[in-house]
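The listed protein sequences correspond, in order, to chains W and C. For what it's worth, the numbering used here labels the leading residue of the first sequence as 1, then goes sequentially. For what it's worth, the numbering used here labels the leading residue of the second sequence as 1, then goes sequentially.
You may find that some hints are simply not true.
[What the hints assert, rightly or not] Heads up, incomplete: computed chain C residues facing chain W, CB under 7 Å, no partners named:
no. : residue
1   : Tyr19
2   : Val26
3   : His57
4   : Glu79
5   : Ile80
6   : Arg83
7   : Ala86
8   : Arg90
9   : Glu105
10  : Gly132
11  : Glu135
12  : Arg136
[Said to hold, decoys possible] Stretches of chain C that chain W covers, calculated by requiring three or more beta carbons in the stretch to come under 8 Å of a beta carbon on chain W:
no. : region
13  : 39-47
14  : 147-161
[What the hints assert, rightly or not] Facing chain W, from chain C, some residues (calculated, C-beta under 7 Å):
no. : residue
15  : Asp63
16  : Asp78
17  : Met103
18  : Glu229
19  : Arg231
20  : Leu232
It is worth saying that the hints were derived from the structure and are not from the lab. Fair warning: this is a prediction, and the values are worked out from it, not measured in the lab. C-beta: ideal position from N, C-alpha, C; glycine also.
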Amino acid sequence: MGRILLVFRLAARNLRRRPAEAALLLLAITAATTVLTLGLVLRGVTNDPYQNTREATAGPDVVASFAADPATGQPADLAGIEALTDAPGVIGHSGPYPVIGAELEADGVTGSRRTPRGEVIGGAAGAWAVGRDPAAASVDQPELTQGSWVRDGGVVVEAGFADALDVGEGDQITLRSRLCTFDTPTGPPDCGVVNGRSFRVVGVAVTAAARPYPDVCFAPECPWFAEAMEDEVPEGPPPDEPAADESVDDERFLETPVEPGLVWLTKADARGLAPAEELLSYVVNLKLADPTDAPAFVNAHHASTTGPGRQAQILEPWQDIREDHDQLVKDTAEVLQIGSRLLAVLALASVAVLVGGRMADQTRRVGLLKAVGGTPRLVAAVLLTEYLILALLAAAAGLAAGWLAAPVLTDPGAGLLGRAGAPSLTLATVGQVTAVALGVAAIATVVPAVRAAWTGTVPALADAARPPRRTPWLIAISARLPVPLLLGLRVAARRPRRVLLSVASIAVTVSGIVAVLAARAQADQDARLVGGTDPGTVRLNQVLLVITITLVALAAVNAIFVTWATALDAKHSSALARALGATPQQVSTGLSMAQVLPALVGAALGIAGGLALFAATGGGEDGVTGPPLWQLLAVVPVTVLVVAALTTIPARLGARRPAAEILQAELA
Amino acid sequence: MNDTDNTSVLRARGLRKHYGHGQGLVRAVDGVDLDVASGETVAVMGPSGCGKSTLLHLLGGLDRPSGGEVRLAGRRIDEIGERALARMRRTAVGFVFQAFHLMDELTAVENVELPALLAGRSPRAARRRAAGLLERIGLADRAKFLPSALSGGQRQRVAIARALSNEPLVIFADEPTGNLDSAATLDVLRLFDSLHEGGQTLVVVTHDARIAATADRLISMRDGAFVDETRLTGGTTGQLGALVGLEG
C-alpha cells in the first residue's frame, strides 16, 4: 500500500512540475475522447422527435403509394388500394390522395433533375405534390408550424423542405409537371413542361408519413425501394416481359423528381398539374391494429404482389421512415467515429512526442530514484502512472464534453417536432472511451518508460543523452545539399521514430483535410444537381469542419512539440554546428527543415489516404472522386508552408541560446 | 600584455564579460588586453572558474563581450553581425574542446569534413581534405569509425583535425587534454607541437602546468583578469615529452 501511495505521490509531483505540458497532453487526449464520445452517444437519439411528430400528426403505420405503370400503360391500381384499406389488421386510413412529381421553382432556387434512365437534365428543384382535402384527416394530418392548411391556390410546404429552400408563408412558388415520351426505343426521352402554375405558400407543416427531405419518394420511383426489390429477386429465370399494350402509341410518363421535397395542395390543384388523370400516382396512409406489425404487413403484401404491377406499388412501414430520419444522426455519428480515430492517432503522436521530451527531461530524476533504492519496476510504474492519470482525466473530460455537446448535433432539423433528449451515456460508451484514452497513453508511454526504467543509475544521474541513430545514406546525401538542408536532414535522421510520428501526424491531418475537401466537392455537386441544400449535407459539413479544425489544431500542436523536442535534442549538435561556422539562421532553418521534410512525405501519403477515406465512407457519387485538382495540388505546398511557419518560432528559440553556453554546459 | 605588435593576428583590448546585475554581478572576464602573434602558441592558465574558457569563447567569437574589443587579423569581431561572425568562425578559427564535441552519429572522417561542408566546399573536396588531415594525425585507418569506437586521445585528435579543416588563422583549445590519460595527452601535445612547427597560431586554455609549459608564452589568469605573463624559451621544440614529464 505504501508503495502504491509513493507511486501516486511521485507521479502527481511530476505532473505538477510541468503543468503546461500536462495540460497539453490532457487537451490532446481529450480532443480524441470528446469526438469519440459524440460518435458513440449519437445513436438513436432522433427517436423521440420522430415519435413526437408521429403522435402530433396521427402518423400512419404504413404508407402505400401506387403509380401508373409506364411499361404497360396501365393507370394506378385504385382497386388494389381499396383492397389494401380493407386488409386484415387495418383499422383506419386516409386517402387515396393523388400524387404528382413536379418541379418547384422559388426565388434563387435552381438545379436539375434526373430522367428514369439516369440522365441528368436541367431544371428546378424536385418536389412531390400531394393532393389533400381541406378538412383534417384521421390518419396523417400534418402539423402546421406556420400558416394554415391547404386551400385552392395555396400550398403547404413540408418544414424540412421549406427550411432548405428558405421559403415560408406568403412566398410564391411555381409547380410544373413534365411529360416525357420516347420517340425512339433507344434514344433519350423527350420531356417538356405540360402543366404549371404559380401557388402561394399558405403554410409550413411537419409529417411523420414521409422520409425527410431530400429522400421523399412515392411510386413509381423510390431509389431505396428499387434497391430492396433487387435484393429480393428470386433465383431462376426472369419473369416474362409484360406484353406491351398495343393501344399505347408510345411510352408516356411523368418525369419523377430527383432528391425531392414534399408539398401539399388541394386534390383539384394536384390533378390540375397532371396532363392526364391516368398518369397520377396515389398514396394511402394506413393505421394498423398493432403498429409493431407494420413491417410484417408490408412484407406480406409484397409477397402477395407479383407481376409487372409490383414495381408500381411501394409500401413503407413507419419504422423505415423513422430509420431514415435517424440516418442524419447516424451519418454524423459515423463521421465523428472516423474523426475520433484520426484524432486518436494524432493524440498518440502528441503524447509520444511529449512523453519522449519529458522522459529526456526526467533522466536525472530516474537516476536519483534508482540511487535511493527504486527498482526498475517502481520507476516504470511512476512514469506510466503519470500518463495513465492524465488519460483517465482526459477520458472523464471527453465523456463530459461529448455528452454535453451531443444535443447540439442531435437537433432533428426542421422536419420533426421537438428536440432529442439527453443522449444516453452507457457503460459500454464509458468503457470504450476510457479504453481508448488509456490505450493512447499506454502505447505512447510504455516504450520510453521501460527504457528509462532500465537505464543504468550512473548514466541516468549523469543525464546522458540517448545516442542518436546513424543513417549513413542520408548523411552521404545530405553532404551534397545546401547547409540548411544538410543540417535538417541530419537532425531528422538522428531520431527516425520522431520522423515517423511527424509523418503520421501530417498524413492523418492531410487525409482528414482531403476527405473534407472531397466531401465539400460532393456537396457542391449535390447542390448543383438538386438546387436546394440537403440538411444532412449541411450538418455533415459542419461536423467535418469541426473535426478538421480539431485535426489541424492538434497537428499544429504536434508540429510545434516535435520541433521543440528536436531543438532540445539537437541543441548540442546545433551549438557545435554554430561553433564550426553555421549561422543561427542556417541552424534554425535546418531545424525547420527537419519537420518540413517529413511533412512533404506526410502530405503525399495524406492525399492518398484522404481519397481512400472518402471512397471508403461512401463518397464518389455523381462522378465526384475527390476534391478539385487545384485543391489537391495545393495541399502539398500549403502543408509545407504551414509546417515551416509553425516550426519557425520553436526552431529560432532553439537556435538562439549561445553556442558557448551549451557546449560549456556539457562539462558541468 | 600591452604590446602593439603589428604582426598580431589576434588582439583584445579591455575585454570584459559580465553576468548578472547589482550584487549578483559576476565579472567572468574583466578588462583583458592580449596580443597573439602569428605562429605563436599562448597558454592561458588559472584555477577553475577564473574565466579562461569564457575568454577563449570571446576571442573565438563564440560569445559576445560586455565591453572592450577583439580584433582577428585586424578586423573587429565584437561588433559584427551573427552571420559575419559565423563566417569568421567558419574560415578563420578552429575550436578544440575538452569534451571533444564530436557528433556521435558521424564517423571520424564525416566529423572532420563537416566544417568544410558548412563552408560550402564540394563534398569531394571536403572529403579529400578530411582524409588528408586524418592521415596527418595518424588516424587514416580509423576514418570510418564512429566516435564511440575511438579512444579519448583518438577522439581529441579527430577534433583537432576538424579544427584544421578550413585552415584557420587561430586554433583555440579549451582544456584539450582535460579528459585524457597521460599517453593520450602526449599524443595531443605532439600534434600541437607539429602544428606549432608548421606555423599554426594556437591559444590553449588549461589548468595543467605541464601543458602550459609547452607554450611560447604563459599567461596566468585569476578572477577574470591576467595577473602574470611568462615568455617561455625552448617551448615545444624537440623535448616536448621530457619537458612535460609524460615520457620516462
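Please write out, lowest number first, the hints stated earlier that are contradicted by the structure.
When the structure is compared with the hints, numbers 1, 2, 4, 5, 10, 11, 12, 13, 14, 16, 18, 19 and 20 turn out to be violated.
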